[in-house]
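Chemist: Listed here are the chains, written in short residue letters.
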Amino acid sequence: MSLWEYANPARFMVLSARIVPVSGGLAALCLVVGLVWGFFLTPDDYRQGSTVKIIYLHVPAAMLAINAWVMMLVASLIWLIRRHHVSALAARAAGPVGIVMTLIALVTGAFWGQPMWGTWWAWDPRLTSFLILFLFYLGYIALWAAIEDPDTAADLTSILCLVGSVFAVLSRYAVNFWNQGLHQGASLSLDKEKNVADVFYFPLLVCIAGFVLLFVTLVLVRTQTEIRARRLHALNLRARMG
Amino acid sequence: MIRLVARDLMLAVRAGGGFGLGVAFFLIVVTLVPFAMGPDTTRLSVIAPGVLWLGALLACLLSLDRMFALDFEDGTLDLLATAPIPLEGVVAAKALAHWLTTGLPLTLVAPMLAVLLNLPAQGFTWLVVSLALGTPALSMIGAFGAALTVGLKRGGLLLSLLVLPLYVPTLIFGAEVARRGAEGMMVSTPLALLAGVSGSVLALLPFAAAGALRVNLR
Numbered sequence: 002m003s004l005w006e007y008a009n010p011a012r013f014m015v016l017s018a019r020i021v022p023v024s025g026g027l028a029a030l031c032l033v034v035g036l037v038w039g040f041f042l043t044p045d046d047y048r049q050g051s052t053v054k055i056i057y058l059h060v061p062a063a064m065l066a067i068n069a070w071v072m073m074l075v076a077s078l079i080w081l082i083r084r085h086h087v088s089a090l091a092a093r094a095a096g097p098v099g100i101v102m103t104l105i106a107l108v109t110g111a112f113w114g115q116p117m118w119g120t121w122w123a124w125d126p127r128l129t130s131f132l133i134l135f136l137f138y139l140g141y142i143a144l145w146a147a148i149e150d151p152d153t154a155a156d157l158t159s160i161l162c163l164v165g166s167v168f169a170v171l172s173r174y175a176v177n178f179w180n181q182g183l184h185q186g187a188s189l190s191l192d193k194e195k196n197v198a199d200v201f202y203f204p205l206l207v208c209i210a211g212f213v214l215l216f217v218t219l220v221l222v223r224t225q226t227e228i229r230a231r232r233l234h235a236l237n238l239r240a241r242m243g
Numbered sequence: 033m034i035r036l037v038a039r040d041l042m043l044a045v046r047a048g049g050g051f052g053l054g055v056a057f058f059l060i061v062v063t064l065v066p067f068a069m070g071p072d073t074t075r076l077s078v079i080a081p082g083v084l085w086l087g088a089l090l091a092c093l094l095s096l097d098r099m100f101a102l103d104f105e106d107g108t109l110d111l112l113a114t115a116p117i118p119l120e121g122v123v124a125a126k127a128l129a130h131w132l133t134t135g136l137p138l139t140l141v142a143p144m145l146a147v148l149l150n151l152p153a154q155g156f157t158w159l160v161v162s163l164a165l166g167t168p169a170l171s172m173i174g175a176f177g178a179a180l181t182v183g184l185k186r187g188g189l190l191l192s193l194l195v196l197p198l199y200v201p202t203l204i205f206g207a208e209v210a211r212r213g214a215e216g217m218m219v220s221t222p223l224a225l226l227a228g229v230s231g232s233v234l235a236l237l238p239f240a241a242a243g244a245l246r247v248n249l250r
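Protein chains in written order, with this note's numbering: chain A, 2 to 243; chain B, 33 to 250.
No lab work stands behind these hints: they were computed from the structure. Misleading hints may appear alongside valid ones.
Under the rule of at most 25 Å between Cα atoms (straight-line distance), these lysine to any residue pairs were calculated in the SDA-like manner [said to hold, decoys possible]:
#, chain 1, residue 1, chain 2, residue 2
1, B, 185, A, 154
2, A, 54, A, 19
3, B, 185, A, 139
4, B, 185, A, 145
5, B, 185, A, 151
6, A, 54, A, 28
7, B, 185, A, 153
8, B, 185, A, 150
9, B, 185, A, 152
10, B, 185, A, 30
11, B, 185, A, 234
12, A, 54, A, 37
13, B, 185, A, 231
14, A, 54, A, 33
15, A, 54, A, 135
16, B, 185, A, 146
17, B, 185, A, 199
18, B, 185, A, 142
Pulled from the structure, derived: some chain B residues nowhere near chain A, Cβ distances all over 12 Å [stated by the list, open to error]:
#, residue
19, 34
20, 39
21, 43
22, 55
23, 56
24, 63
25, 64
26, 76
27, 90
28, 110
29, 117
30, 189
31, 202
32, 204
33, 233
34, 237
Backbone N, C-alpha and C fix where the C-beta goes; we use that ideal spot for every residue, glycine too.
Isolated chain A, as found in the complex (with noise of 0.2 Å):
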């Protein structure tokens, strides 16, 4: 019994099938009470008013924002290494999701921005990098749409996933040197004290907690969807040989 053997279509579409609605079922759950809470049971902050709020969405988003592109990476080597199609699926499923995530991130930051810099967008490191991550996404995106042998277009994408991955981290620190910074520093790190008050930080969690499981289950039935189609164009094929 190892990973691996989820790499096979058949099992994968069962494993997901009892997963999803699991999954799907506590994303709904998490989100509700950690919105809930964090919109409507917390006080506003003593200087941020109530627009402290929008960090319930726009840290999650960011999270995976990143945490997808990270999860296309390993899959995409996966996909090079030892060839499982689910994989490359996987990866393509994951791609829209992730640039909604960014998108999501982009657009809270400046409702957020907007009453609390003066300003809807500033030429800070932070949001510079995750307009290129959007660029990133966008170009991934359009090369899986763009190649019509599905095997090429997991192999291309794959590389430049792999390449992307690279620039997006050195794009990152070329920003940084390249202007300073007014968005404040993580909300959350593992190596130091909390940065958030506890009021903000438990709803924080719960909502982090419905964003993560959102992300799986929009993957995995996203992937289910890939391997239908798959499975669809192949059936096709088939029915018009004979």
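Given chain A, work out where chain B should sit, using these hints.
Modeler: This is chain B only, laid out in the frame that chain A set:
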């Protein structure tokens, strides 16, 4: 490999279009900037390093889609892939030929165009140095993008979408060298970083580009 570079250069010169086109495009972009920004020379001299870098970058992009496309269509690339030199070497040779026909001329005409934009006198050296260091990286990254999209019928626009985000670090450090040079500041830090980006791109990307070509030739 030297033969390959020579052949590509010969094709670029004889087939026409490719060789001077980038430089002409660069000239036009620089001519258009004062129309858009107004003819105020002090303002132009402030934005000159950035505009020159951006113009050179876009001019580099212009001829990328033909780097492998013609050889892919007539089967030359299949022959090169089975030739006794590694495909990584072919990619490097192609990128070098591209640089010699676009990056190098762009670097050489940049000072003349800088006069038009009223670049401060102390900035000329660093502008040329930064372009000479940065444009090889632009050609190599472009070769990677061209290798990814060579099998596509209409890859031109997609190629720009893929390549331009990859140009970000090179542009940041290159334009920073040119800007600091023009303002008479120390350039050693961005210059070292630019050299680092160029060096690692030239060392590593041939492998990625050759991998993409192998997939496309399958």
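Chemist: For the pair we were handed, residue 54 of chain A and residue 135 of chain A, check the Cα-Cα distance against 25 Å.
Modeler: It holds: about 24 Å lies between the C-alpha atoms, which stays within 25 Å.
Chemist: Given the hint that residue 185 of chain B pairs with residue 199 of chain A, does the C-alpha gap stay at or below 25 Å?
Modeler: Between residue 185 of chain B and residue 199 of chain A the Cα gap is close to 56 Å, so the pair fails against 25 Å, i.e. violated.
Chemist: Taking 25 Å as the top limit, are the C-alpha atoms of residue 185 of chain B and residue 142 of chain A close enough?
Modeler: holds, 17 Å
Chemist: Please verify that the nearest CB of chain A lies beyond 12 Å from residue 43 of chain B's CB.
Modeler: Non-interface label on residue 43 of chain B holds, nearest chain A Cβ at 26 Å vs cutoff 12 Å.
Chemist: With 12 Å as the threshold, tell me whether residue 233 of chain B passes as away from chain A on beta-carbon distances.
Modeler: violated, 9 Å
Chemist: Run the distance test for residue 54 of chain A versus residue 19 of chain A: straight-line Cα separation, threshold 25 Å.
Modeler: violated, 34 Å
Chemist: For residue 39 of chain B, is the shortest beta carbon distance to chain A beyond 12 Å?
Modeler: At roughly 27 Å from the nearest Cβ of chain A, residue 39 of chain B sits farther out than 12 Å, so the non-interface label holds.
Chemist: Is residue 185 of chain B within 25 Å of residue 139 of chain A, Cα to Cα?
Modeler: Holds, at about 19 Å.
Chemist: Quick one: work out the minimum CB distance from residue 202 of chain B to chain A and report holds if it exceeds 12 Å, violated otherwise.
Modeler: violated, 9 Å
Chemist: Please verify that the nearest CB of chain A lies beyond 12 Å from residue 55 of chain B's CB.
Modeler: holds, 27 Å
Chemist: Does the alpha-carbon distance linking residue 185 of chain B and residue 151 of chain A stay inside the 25 Å limit?
Modeler: Distance of about 16 Å is within 25 Å: holds.
Chemist: Taking the minimum C-beta separation from residue 110 of chain B to chain A, is that value above 12 Å?
Modeler: holds, 16 Å
The structure shown violates the earlier hints numbered 2, 10, 17, 30, 31, 32, 33, 34.
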